[in-house]
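Participant: Chains as they are written, first to last, in the working numbering: chain R, 1 to 103; chain Y, 104 to 220.
These aren't lab readings, by the way, just hints derived from the structure by calculation.
Among these hints, one or two may not hold up.
Using 27 Å as the maximum straight-line C-alpha spacing, the simulated DSS-like pairs for lysine-lysine come out as follows [what the hints assert, rightly or not]:
{"no.": "1", "chain 1": "R", "residue 1": "Lys95", "chain 2": "Y", "residue 2": "Lys125"}
{"no.": "2", "chain 1": "R", "residue 1": "Lys95", "chain 2": "Y", "residue 2": "Lys135"}
{"no.": "3", "chain 1": "Y", "residue 1": "Lys125", "chain 2": "Y", "residue 2": "Lys135"}
A few chain Y residues facing chain R, derived, Cβ under 10 Å [as the list claims (entries may be wrong)]:
{"no.": "4", "residue": "Leu107"}
{"no.": "5", "residue": "Thr121"}
{"no.": "6", "residue": "Ala144"}
{"no.": "7", "residue": "Phe148"}
Derived CB-CB ranges, DEER-like [unchecked claim]:
{"no.": "8", "chain 1": "R", "residue 1": "His94", "chain 2": "Y", "residue 2": "Ala120", "range": "16 to 24 Å"}
{"no.": "9", "chain 1": "R", "residue 1": "Gly54", "chain 2": "Y", "residue 2": "Leu175", "range": "15 to 23 Å"}
{"no.": "10", "chain 1": "R", "residue 1": "Trp14", "chain 2": "Y", "residue 2": "Gly142", "range": "29 to 37 Å"}
{"no.": "11", "chain 1": "R", "residue 1": "Asn48", "chain 2": "Y", "residue 2": "Ala110", "range": "16 to 24 Å"}
{"no.": "12", "chain 1": "R", "residue 1": "Ile73", "chain 2": "Y", "residue 2": "Arg127", "range": "16 to 24 Å"}
{"no.": "13", "chain 1": "Y", "residue 1": "Ala110", "chain 2": "R", "residue 2": "Val70", "range": "18 to 26 Å"}
{"no.": "14", "chain 1": "R", "residue 1": "Met7", "chain 2": "Y", "residue 2": "Arg166", "range": "23 to 31 Å"}
{"no.": "15", "chain 1": "Y", "residue 1": "Leu113", "chain 2": "R", "residue 2": "Gly52", "range": "32 to 40 Å"}
{"no.": "16", "chain 1": "Y", "residue 1": "Thr139", "chain 2": "R", "residue 2": "Trp14", "range": "33 to 41 Å"}
{"no.": "17", "chain 1": "Y", "residue 1": "Phe131", "chain 2": "R", "residue 2": "Asn2", "range": "42 to 50 Å"}
{"no.": "18", "chain 1": "Y", "residue 1": "Leu138", "chain 2": "R", "residue 2": "Leu64", "range": "29 to 37 Å"}
{"no.": "19", "chain 1": "Y", "residue 1": "Arg166", "chain 2": "R", "residue 2": "Ile61", "range": "22 to 30 Å"}
It should be emphasised that the depicted structure is a prediction, and the values quoted were computed from it without experimental measurement.
Note that beta-carbon positions come from the ideal geometry of N, C-alpha and C, so glycine has one too.
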Amino acid sequence: MNLSYLMLNLLFTWFAWALLRRNIRALAWRPVLLSLALVVLLTAVFDNVIVGLGIVEYDPIRILGARVGVAPIEDFGYAIVGAFGIPALWNRLHKLGCPASSE
Amino acid sequence: MPGLYLAGILFGLAGIATIDFKYRLALFTQTKRTLTTLGIALGFFLAWDLNGIGLGVFWEGSRTYLLGIDLLAEVPVEEPFFLLLLSYLLLVCYLGFQRQIFHKEEPNSGIDGGKRA
C-alpha cells in the first residue's frame, strides 16, 4: 500500500478547489449530486472494462490497493472532482453564454 | 482489434452529443462556453494524467485495442478523447439534471422547461 496516487488526487482536488471555490460553494447540490452518482456508477462499469482489457496498468506499490472490481479506487477521483469542478467552471464562464439563453 | 477503444469512446461521445442536441443543453446552444469549459477541463485532466505517469502510478498497458500511436510517452492518442468524454458527460449530466429532463414525472420538463445557471 502506498499513498502516491491518493496524494496526486488530493493535489489536483486542491487545485480545483483553489481555482473554483466560490463557484463550487454556490452550486445547486441536487443536480450536482445526481450527476455525481450517475457518473460514479458509469465509471465503475467502464473503468472495469478499461482496466480489465489491460489498456491501463498500475504500479501496485503506488496505489492503496482498494479496488472496485479491478479498478483502483483512486480512479474515481477524476469523476468526483469533475462532478463539482465542471459545473463550477461552467457557471464561472457564464459570460460566454449567449445572452438569450444564459441566466 | 486496434482502434476498438477509440471507437468505443467516439460512440460514447456521439451518444452524449445526441442527448445534448435533443435538449439543447450545451454545445448547440452555448457553443463558445461549452468549448471553453471542455478545453479547460481537458487541460486539467491531462495535467493530472501526466503527473500520474511521471510519478509512475500508471502507464499505457496492452495495445491490443489501441491504435498504437502515442502523443507523449505512455499517453496514447486515445487519452484526450477519453478525458473529453468524461468532461462532456459530466457537463451534460449536470445540465440535464439541472433542467430535470431525466425525470419522467416532470411534465413541464423539456427544451425550455427549466432555468439555467
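Participant: Please go over all the hints and tell whether each is borne out by the structure.
Facilitator: Here's how the hints hold up against the structure:
1. R:Lys95 <-> Y:Lys125: 24 Å, holds
2. R:Lys95 <-> Y:Lys135: 10 Å, holds
3. Y:Lys125 <-> Y:Lys135: 18 Å, holds
4. Leu107: 9 Å, holds
5. Thr121: 16 Å, violated
6. Ala144: 5 Å, holds
7. Phe148: Hint holds; phenylalanine 148 of chain Y Cβ to chain R Cβ min 6 Å, cut 10 Å.
8. R:His94 <-> Y:Ala120: 16 to 24 Å: 22 Å, holds
9. R:Gly54 <-> Y:Leu175: 15 to 23 Å: 20 Å, holds
10. R:Trp14 <-> Y:Gly142: 29 to 37 Å: 22 Å, violated
11. R:Asn48 <-> Y:Ala110: 16 to 24 Å: 19 Å, holds
12. R:Ile73 <-> Y:Arg127: 16 to 24 Å: Since isoleucine 73 of chain R and arginine 127 of chain Y have Cβ atoms about 36 Å apart, the given range 16 to 24 Å is violated.
13. Y:Ala110 <-> R:Val70: 18 to 26 Å: 22 Å, holds
14. R:Met7 <-> Y:Arg166: 23 to 31 Å: 29 Å, holds
15. Y:Leu113 <-> R:Gly52: 32 to 40 Å: 20 Å, violated
16. Y:Thr139 <-> R:Trp14: 33 to 41 Å: 23 Å, violated
17. Y:Phe131 <-> R:Asn2: 42 to 50 Å: Hint holds: Cβ distance 45 Å, inside 42 to 50 Å.
18. Y:Leu138 <-> R:Leu64: 29 to 37 Å: Given range 29 to 37 Å: holds, Cβ gap about 36 Å.
19. Y:Arg166 <-> R:Ile61: 22 to 30 Å: The hinted range 22 to 30 Å holds for arginine 166 of chain Y and isoleucine 61 of chain R, with Cβ atoms some 24 Å apart.
Going through the hint list in order, the structure does not satisfy hints 5, 10, 12, 15 and 16.
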